[in-house]
Structures are given as structure tokens and as C-alpha cells.
Amino acid sequence: EADIYQTPRYLVIGTGKKITLECSQTMGHDKMYWYQQDPGMELHLIHYSYGVNSTEKGDLSSESTVSRIRTEHFPLTLESARPSHTSQYLCASSDRGFQETQYFGPGTRLLVL
Amino acid sequence: AQTVTQSQPEMSVQEAETVTLSCTYDTSENNYYLFWYKQPPSRQMILVIRQEAYKQQNATENRFSVNFQKAAKSFSLKISDSQLGDTAMYFCAFNANAGGTSYGKLTFGQGTILTVHP
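Chains as they are written, first to last, in the working numbering: chain D, 5 to 117; chain Z, 125 to 242.
Just so you know, these hints were derived from the structure itself, not from any lab.
Computed from a predicted model, the values in this text were never measured in an experiment.
There may be inaccurate statements among the hints.
Stated by the list, open to error - Just some of the chain Z residues that point at chain D, by a computed CB distance under 7 Å: (1) Gln168; (2) Met169; (3) Leu171; (4) Phe192; (5) Leu230; (6) Gln234; (7) Gly235.
Claimed, not checked - Covered by chain Z, per the in silico footprint, the following chain D stretches (three or more residues, Cβ under 8 Å): (8) 77 to 90; (9) 105 to 116.
Glycine included, every Cβ here is placed at the ideal spot set by N, Cα and C.
Just need the whole structure built from these sequences, with the hints factored in.
Here it is in C-alpha cells:
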């Protein structure tokens, strides 16, 4: 399996709380991605990064924000969680060039009450 | 914009038999990559197989092979000698170097849930 990690794996939290989902990879990949996936549904790209200090919004609008201060680390933050944020969040990374395979982390399942 | 369509929400197959999952895509790009990813229940998404659009030869990876029809924009996955561990959701994905940027964004299909029965 790929060396990409996400914590926590599961999170139950109340409305209005600030949360940060962690993602780290040890492969030295330049590009990293965050996807949102509802159970049994397709993946939607919400953020991506080309490298340090580079972040872009994806195809699906999201109230979350990301940062990329270190190559290996790409955290996602929700300033004020809402029930509509309940979903699974998948982090992925890939090497330089568009053809490189994306490697996925195990995901974080978020439930906002 | 690129789109990927998987028209089979669910499929089932008996152990040791062969099954084919369908995928079609739409793009105006000429240079792109196609992928099949596997997402087992509550487990990590992993790459099954990858096809480069400029290669005419269909990719194979052990029991997994693709039928890539570029003109028809079709990219099906054949699983031979199905095993219980093949039970998973399978996603077809497309990656093109659109607009000169090389950020490698993947466009996913809706997924096909495959169940292998003993």
C-alpha cells in the first residue's frame, strides 16, 4: 500500500466546531488532493496543490480550506462544521506530471451532529 | 469538460468466472490517461490498471485487462477468474493535460459495485 496517511479515521463532532483533517505522505510527491465522497457515491475533487505554498479549489465547491506549508503535509480545515459536511474525505498524492498515478489515503469519515 | 460514465451501478459474478465492467468517457483531448481504481469496503482506494491513450495495446495486469476503444471512447475492465477479494466498488477515472496545465486532476465515474459470490 501507498505511504499516505490520514487522521483521524473517524470523527463525530457537534455543529459549529472547528476541525482539521490531517493528511501526510512520505513519497515526496509534489501534488496532493482532497476529495469528498458520500457513501457508495463518486468522488468529487474539492482542493488540490501543485507544491509548497500552492493551493487551488477543485470542481466541487467546499467551505473547507487547505494549506501546504510542507511538501509532505496537506491539512484540510473546516472553521465551523455543519451537518451538511458529513461525508468521507479522501486525500491523495501523485508525482510530477499529469500521467502519474494518484495514491489514496484510507480516508476520514466525518459525522457532524 | 471531461465526463466519465459508468452505466452499471451494481454487478455480481460467481467466483472463478469472468466479469466485464463498462466505462465510457467524453473528451476533446487527444493525450490522456485512463484508470480503473478499486475501493474495497472500508478499505483504501487502490489502482487496478492504467491505460495511456496513445498506446493501442490494451493494458493487462494479471487477472485484470482492459478493452480500450479510443474512437468509441470506451474503456471496459475485464476481471478473469474472479475472487472473493475482488468484491469492491470500482471507479473508472480520466486524466487529461487540459489547457497546458499539468495538475493531474482525475475525473471519476459514478462507480460500479461488484460482488463476487462463492
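These are the hints, each one checked on the structure:
| no. | hint | verdict |
| --- | --- | --- |
| 1 | Gln168 | holds (5 Å) |
| 2 | Met169 | holds (4 Å) |
| 3 | Leu171 | holds (5 Å) |
| 4 | Phe192 | violated (15 Å) |
| 5 | Leu230 | holds (6 Å) |
| 6 | Gln234 | holds (5 Å) |
| 7 | Gly235 | holds (6 Å) |
| 8 | 77 to 90 | violated (count 0) |
| 9 | 105 to 116 | holds (count 7) |
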